[in-house]
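> For the record, in the sequence shown the residue sitting at position 268 is 268 according to my numbering, with numbers rising by one throughout.
These are calculated hints, taken from the structure and not from any lab test.
Be aware that a few hints might be false.
[As the list claims (entries may be wrong)] In silico PhoX-like links for lysine-lysine, alpha-carbon gap of 25 Å or less:
1) LYS313 / LYS209
2) LYS124 / LYS210
3) LYS130 / LYS236
4) LYS88 / LYS162
5) LYS241 / LYS124
6) LYS209 / LYS197
7) LYS245 / LYS162
8) LYS197 / LYS162
9) LYS226 / LYS245
10) LYS88 / LYS52
11) LYS236 / LYS209
12) LYS124 / LYS197
13) LYS210 / LYS197
14) LYS124 / LYS88
15) LYS313 / LYS226
16) LYS210 / LYS276
17) LYS272 / LYS236
18) LYS88 / LYS130
19) LYS350 / LYS267
20) LYS162 / LYS241
21) LYS318 / LYS241
22) LYS236 / LYS226
23) LYS209 / LYS130
24) LYS33 / LYS108
25) LYS226 / LYS318
26) LYS272 / LYS313
27) LYS209 / LYS245
28) LYS236 / LYS197
29) LYS210 / LYS226
30) LYS241 / LYS272
31) LYS162 / LYS236
32) LYS336 / LYS210
33) LYS209 / LYS241
34) LYS336 / LYS276
[Stated by the list, open to error] So the derived label-pair ranges between C-beta atoms look like this:
35) ILE139 / GLY68: 53 to 59 Å
36) LYS162 / GLU353: 40 to 46 Å
37) ILE221 / ASN29: 26 to 32 Å
38) ILE221 / GLU127: 28 to 34 Å
39) GLU67 / ASP348: 28 to 34 Å
40) LYS88 / ALA213: 20 to 26 Å
Model, not experiment: these values are computed from the prediction.
We put the beta carbon where it would ideally sit given N, CA and C, even for glycine.
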Amino acid sequence: MKKSTIIVMALAVVLSLFSCGKGNHYVVNGEVKEGICPDGEWAYLWNELEHKLLDSVQITNGSFHFEGEVAEPCVAVVKHPFYFNGEKRNVSAAASQFILEAGEINAKMFDDTPQPTGTPLNDKLTEIFKNVISTYSAIESGELSEDAAAEQLMTLFYEQSKENIDNPIALLLITMVTGELHPEQELELYMMLPEDKQAYFAEPIEAAKKALAVSTGNSYIDFSVKNEQGEDVSLKSVVEKEGNKYVLLDFWASWCQPCLHQMPQLKALYDKYHSKGLEVFALSIDENVGSWQAAVEKIGMEWQNFCDPQAVKEIADKYGVQFIPSNFLIDAATGKILGRNLSVEALDEKLNELL
Numbered sequence: 001m002k003k004s005t006i007i008v009m010a011l012a013v014v015l016s017l018f019s020c021g022k023g024n025h026y027v028v029n030g031e032v033k034e035g036i037c038p039d040g041e042w043a044y045l046w047n048e049l050e051h052k053l054l055d056s057v058q059i060t061n062g063s064f065h066f067e068g069e070v071a072e073p074c075v076a077v078v079k080h081p082f083y084f085n086g087e088k089r090n091v092s093a094a095a096s097q098f099i100l101e102a103g104e105i106n107a108k109m110f111d112d113t114p115q116p117t118g119t120p121l122n123d124k125l126t127e128i129f130k131n132v133i134s135t136y137s138a139i140e141s142g143e144l145s146e147d148a149a150a151e152q153l154m155t156l157f158y159e160q161s162k163e164n165i166d167n168p169i170a171l172l173l174i175t176m177v178t179g180e181l182h183p184e185q186e187l188e189l190y191m192m193l194p195e196d197k198q199a200y201f202a203e204p205i206e207a208a209k210k211a212l213a214v215s216t217g218n219s220y221i222d223f224s225v226k227n228e229q230g231e232d233v234s235l236k237s238v239v240e241k242e243g244n245k246y247v248l249l250d251f252w253a254s255w256c257q258p259c260l261h262q263m264p265q266l267k268a269l270y271d272k273y274h275s276k277g278l279e280v281f282a283l284s285i286d287e288n289v290g291s292w293q294a295a296v297e298k299i300g301m302e303w304q305n306f307c308d309p310q311a312v313k314e315i316a317d318k319y320g321v322q323f324i325p326s327n328f329l330i331d332a333a334t335g336k337i338l339g340r341n342l343s344v345e346a347l348d349e350k351l352n353e354l355l
């Protein structure tokens, strides 16, 4: 399901990241989009993987200017306060991201996609992201479906990650495909990185290893959660229930906007296929049970739904879930996983084929 939002994610995740050093002289110039942040506020140059503030300057005439030394190329991000209708909303909103390397870098702020220029790696990064722009345009024109576009971008990021494995562009792209590629491909990229860079991805590496165990073609892992009456309900009991042919294990939360956005379509899908053998086993990662109950009632969820915070956290870990919404389509007859993180569109196609 996350694939339906991968384009947005592709343009948004580039607003956060990575690692730096010391050494050769760099200059970074950029402009702040009018109305986003006024003069006098501060812009901050960050190394986000190491959570290190590298420099800060005041915004003057709608622009910023950084100078310093960097030992080796790395991915950096500039942050500054974000204003909406004249009101300060965020003291450290991420802005344009770029490769920090020797030379003069032109970094754009709050553009549709990062377009840094002026140095070899930044020029190369911009060329890669021109493909993101063209793919996004193809969706808007109707030339590509969101699923097809997501697959196209995954292929692009995977291939470009391998091609740039010896420079920071790979770090950026690998982060963008974390949890999206097949676990085998994801682990392949992690293992291609130098050991010191692998350390940045310790948690995703472990998650990918767990995800490999429940990837398409493998058997589901059973578990139990408590319902509102305090009774234990196992996934196995639902998978093996008479009449159930396919079970969708769905991870979501009441505060997750992408989750809520797709719920009407998921509800329509449930209404369409439930009588034919589809059941949904939904696990909310909400910690506020009241918020979960309100969302369930508002949406009108008629399927199996559970909010058992500690248990769900452990279950999500077992399944290598790194984001929500996440889902697994299970064949009740064999116990095999038929698909992972399917969009509603892909689910409809798959279920139409099966049922």
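> For LYS88 and LYS162, compute the direct alpha-carbon distance and say whether it is at most 25 Å.
violated (41 Å)
> Are the Cα atoms of LYS336 and LYS276 separated by 25 Å or less?
holds (19 Å)
> Could you see if the CB distance from LYS162 to GLU353 stays within 40 to 46 Å?
violated (33 Å)
> When you check the alpha-carbon spacing of LYS162 and LYS236, does it fall within 25 Å?
Not satisfied, since the Cα-Cα distance of roughly 40 Å exceeds 25 Å.
> Sort out whether LYS197 lies within 25 Å of LYS236, counting only the CA atoms.
violated (40 Å)
> Holds or violated: are the alpha carbons of LYS245 and LYS162 at most 25 Å from each other?
Given that 25 Å is the threshold and the Cα spacing comes to 40 Å, the pair is violated.
> Do the Cβ positions of ILE221 and ASN29 conform to the proposed distance bound of 26 to 32 Å?
For ILE221 and ASN29 the Cβ distance comes to about 51 Å; the hint is violated.
> Has the given pair, LYS209 with LYS130, been kept, meaning a C-alpha gap of at most 25 Å?
Violated - the C-alpha atoms of LYS130 and LYS209 are around 32 Å apart, more than 25 Å.
> Has the hinted range 28 to 34 Å been met by the Cβ atoms of ILE221 and GLU127?
Given range 28 to 34 Å: violated, Cβ gap about 42 Å.
> Given the hinted pair LYS209 and LYS197, is their alpha-carbon gap at most 25 Å?
Holds, at roughly 18 Å.
> Are the Cα atoms of LYS236 and LYS209 separated by 25 Å or less?
holds (23 Å)
> Between ILE139 and GLY68, does the beta-carbon spacing fit 53 to 59 Å?
violated (39 Å)
Checked against the numbered hints given earlier, this structure breaks hints 2, 3, 4, 5, 7, 14, 16, 18, 20, 23, 26, 27, 28, 31, 33, 35, 36, 37, 38, 39 and 40; the rest are met.
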